[in-house]
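*Asks:* Kindly produce the complete structure, drawing on both the sequences and the hints.
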Amino acid sequence: MELYDVWFILIAVLWTGYFFLEGFDFGVGVLTKVLARDRKERRVLINTIGPVWDGNEVWLLTAGGATFAAFPEWYATLFSGFYLPLLLILVALIVRGVAFEYRHKRDEDRWQTNWEHAIFWTSLLPAFLWGVAFGNIVRGVAIDQEKEYVGGFFDLLNPYALLGGLVTLTLFTFHGAVFVALKTVGDIRVRARKLATGVGLVTAVLAVLWLGWTQLEKGDAVSLVAMLAAAGALVGAIAMNQRGREGWAFALSGVTIVAAVAMLFLTLFPNVMPSTLNEEWSLTVSNASSTPYTLKIMTWCAGIATPLVLLYQSWTYWVFRKRIGTQHLADVH
Amino acid sequence: MDIALAPETLARWQFGITTVYHFLFVPLTISLASLVAGLETAWVRTGKEKYLRATKFWGRLFLINIAMGVVTGIVQEFQFGMNWSDYSRFVGDIFGAPLAFEALIAFFFESTFIGLWIFGWDKLPKKIHAACMWMVAIGTVLSAYFILAANSWMQHPVGYRINEESGRAELTDFLAVLTQDTTVVVVFHTLTAAFLAGGAFMVGIAAVHLRRGRHLPEMRTSLRLGLVTLVVGGLLTAVSGDRLSKVMYEQQPMKMASAEALWDTEAPAPFSVFAYGDVDEGHNKVAIEIPGLLSFLAHSDLETEVPGINDVNEDLREQYGPGDYRPNIPVAYWGFRWMIGFGMVSFAIGVVGLYLTRNKLWLAPRLRTTEDEKPRLALTRERELGAVLTGWYWKLAVLTIGFPLLASSWGWIFTEMARQPWVVYGVLRTEDAVSPGVTQGEVLLSMSVFTLLYAILAVIEVKLLVKYVKAGPPELTEADLNPPTKIGGDDDDADADRPMAFSY
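Chains as they are written, first to last, in the working numbering: chain A, 1 to 333; chain B, 1001 to 1504.
If you are wondering where the hints come from, they were derived from the structure by calculation, not from laboratory data. Glycine included, each C-beta is placed from N, C-alpha and C at the ideal position.
Result set (DSSO-like, lysine-lysine): computed pairs, CA atoms no more than 27 angstroms apart in a straight line:
no.: 1; chain 1: B; residue 1: 1486; chain 2: B; residue 2: 1126
no.: 2; chain 1: A; residue 1: 40; chain 2: A; residue 2: 194
no.: 3; chain 1: A; residue 1: 105; chain 2: B; residue 2: 1467
no.: 4; chain 1: A; residue 1: 33; chain 2: A; residue 2: 322
no.: 5; chain 1: A; residue 1: 105; chain 2: B; residue 2: 1463
no.: 6; chain 1: B; residue 1: 1127; chain 2: B; residue 2: 1048
no.: 7; chain 1: B; residue 1: 1126; chain 2: B; residue 2: 1048
no.: 8; chain 1: A; residue 1: 105; chain 2: A; residue 2: 40
no.: 9; chain 1: A; residue 1: 33; chain 2: A; residue 2: 194
no.: 10; chain 1: A; residue 1: 40; chain 2: A; residue 2: 322
no.: 11; chain 1: B; residue 1: 1463; chain 2: A; residue 2: 40
no.: 12; chain 1: B; residue 1: 1467; chain 2: B; residue 2: 1395
no.: 13; chain 1: B; residue 1: 1126; chain 2: A; residue 2: 105
no.: 14; chain 1: B; residue 1: 1395; chain 2: B; residue 2: 1463
no.: 15; chain 1: A; residue 1: 322; chain 2: B; residue 2: 1486
no.: 16; chain 1: B; residue 1: 1467; chain 2: B; residue 2: 1048
no.: 17; chain 1: B; residue 1: 1467; chain 2: A; residue 2: 40
no.: 18; chain 1: A; residue 1: 105; chain 2: A; residue 2: 322
no.: 19; chain 1: B; residue 1: 1470; chain 2: B; residue 2: 1048
no.: 20; chain 1: B; residue 1: 1486; chain 2: B; residue 2: 1127
no.: 21; chain 1: B; residue 1: 1048; chain 2: B; residue 2: 1486
no.: 22; chain 1: A; residue 1: 322; chain 2: B; residue 2: 1127
no.: 23; chain 1: A; residue 1: 33; chain 2: A; residue 2: 105
no.: 24; chain 1: A; residue 1: 322; chain 2: A; residue 2: 194
no.: 25; chain 1: A; residue 1: 105; chain 2: B; residue 2: 1470
no.: 26; chain 1: B; residue 1: 1470; chain 2: B; residue 2: 1395
no.: 27; chain 1: A; residue 1: 322; chain 2: B; residue 2: 1126
Beyond 12 angstroms from chain A on every Cβ pair, some chain B residues (computed):
no.: 28; residue: 1023
no.: 29; residue: 1048
no.: 30; residue: 1158
no.: 31; residue: 1214
no.: 32; residue: 1220
no.: 33; residue: 1240
no.: 34; residue: 1250
no.: 35; residue: 1281
no.: 36; residue: 1288
no.: 37; residue: 1292
no.: 38; residue: 1296
no.: 39; residue: 1357
no.: 40; residue: 1391
*Replies:* Okay, here's the thing in structure tokens:
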């Protein structure tokens, strides 16, 4: 195995970490409109992710930075090619971060309502768009001989990618609902559990369609295993949630995300971005990667830093392990 | 195509706007993290409530500020790929590594511990809570280090070779990138300037309250802490700035010649106080100069030759082929002066303030907190200095908040624009770095969106800052004074439904 193969796996791990972690905080953001009945309940939802959403988002920045360093050609083609969707995602992430931090900083009703709208839309939009982006990466886009994307914005909105967007949106919402059930007490917890079942079933239908489509077009035996694991974990998560085993349900909805992302990357390999114009022009792990020297340095860095990151981020979740409910929020704000 | 609307020009404008905006928040974030951590440590060690109130007051302003710093930083990382894809392809092997290091080592650290700090008031024992803020402070410094290492490589590329076959730059010595003199000096200069900015911020806001005689214990402590930070930071910024200009005279002679509007090579070279020139003809029409000073600044003696713009341009033509290698000289000349000017003024205000607030001598009688303090200034032994003069100082102190931020904005505009036409000095031209596939319309759209969004956020941010500055330090509650003794909070059944100390 070459170093660039290792880095392909590491990039996949970073995206998996990102979707696992920010997946549930996107989901919680979407649920602020779907699940919460009043401002206080919305605040409970927002505070379940309060201490951790920022750390979750860094997984994206790391995935971006690591792609730049390990696969500059991939980074360049992907980010310049998907210019407008990325612009939308960036704007959403900017507004979202500010919304969390600023919503409670003034007491006026209008101020808070506006930021709450913002939290909903800026959670929903990226949750959907990441699925669209990955759909296009896996399926391949129009890349020319110079490794440039030559398609337009609307080429990215094809049925396969849009279905991918719906899958990530519903899957993250399900993941978020399970997380809310795990982190809250009282009425919200009961309703979150109930809602999770419904969203989970919709997710299951969409995910089976999309992953099945992917498997038929691109899959092999290994990706089939990953797909079945994702499907099995999703069914398990729904069942565990039904029985009120929230910890297990969350672990399994996480496994669903891990297995689904693994499947996408398995169908991609050894390409990192296939060309639909000519197979010869596809970006692959070898023709898009950095030199072995850079990859070696990066490997050392990742080898030392990643376990540490996992350690202190896990510690955060342990520090904030207590469930919260409406009674834990003071009446001000 | 109209050059003013060429994708390259627009992409440069976008990068400039988003970076300068991002960098309004960075210096404050870097310095306030340490200052807040210091105040909290003082509380943990002495138990004095004024330190805790000050921690909470400055902590809140810090959080409003860092929120903007974080979200605007995301744009920077993505822009390389979005707008400068040919640059990313060419240098990704080298430039990507420090960026990835920043995310893996610094940014994870910073953002995780900031979450612990914000929500941890009733979950962490006070020592661990204070330690979290120190972790954030370390994270911000590391973050600055890796980003500046990447930028310094663009200013002065080292530890690489050009692969003839692929036409790309390849990394050969990563340690050289991290430890080259440009990186070290730039990091020092940027960090000290950050403390200049943080000190001025603290001084200015403390002045707002002190002028009205409010929150004396916290604000007097803050004023002194701010003044010391401002003066020490200012002094070190000047020292590192001098060192940096000497490095640049060696590495980028064109940049420094432009900064001085020195058209022709001279020995000894004069320092320009004011110049108005003709760029096309390549000479100054009006020039007020101090003889020999530039030689001294560049090489520490009064005689040495300093190369001028016209001669360096000739040299560069010989080396890299025909073309114009001069940057925008008025921007370089005035950017350099605004940077130094605003920095110096802030420093001077700090020195005056430090003098005026010497031990037990305060600016106005009502600012006494103990009986033994003499209610006067040192200028006269028995008489108070006039209320008018003290009033002036407070107003000046408030203005100082903006000066270091202007200084660092101009510093970046100078250092980036005076490197043109190179994006990587001597290696890659800016015109060859832009994304070929991104259209004029796309860049125009994104630039408008970012600019508009940033303008709106600026208004919101400033209004919030003003609101929380006016509110002053918060009253402390029982919970604040009795932090938990166990990680995760004390397990007291009676308190199971107690409201959280902090919630969104």
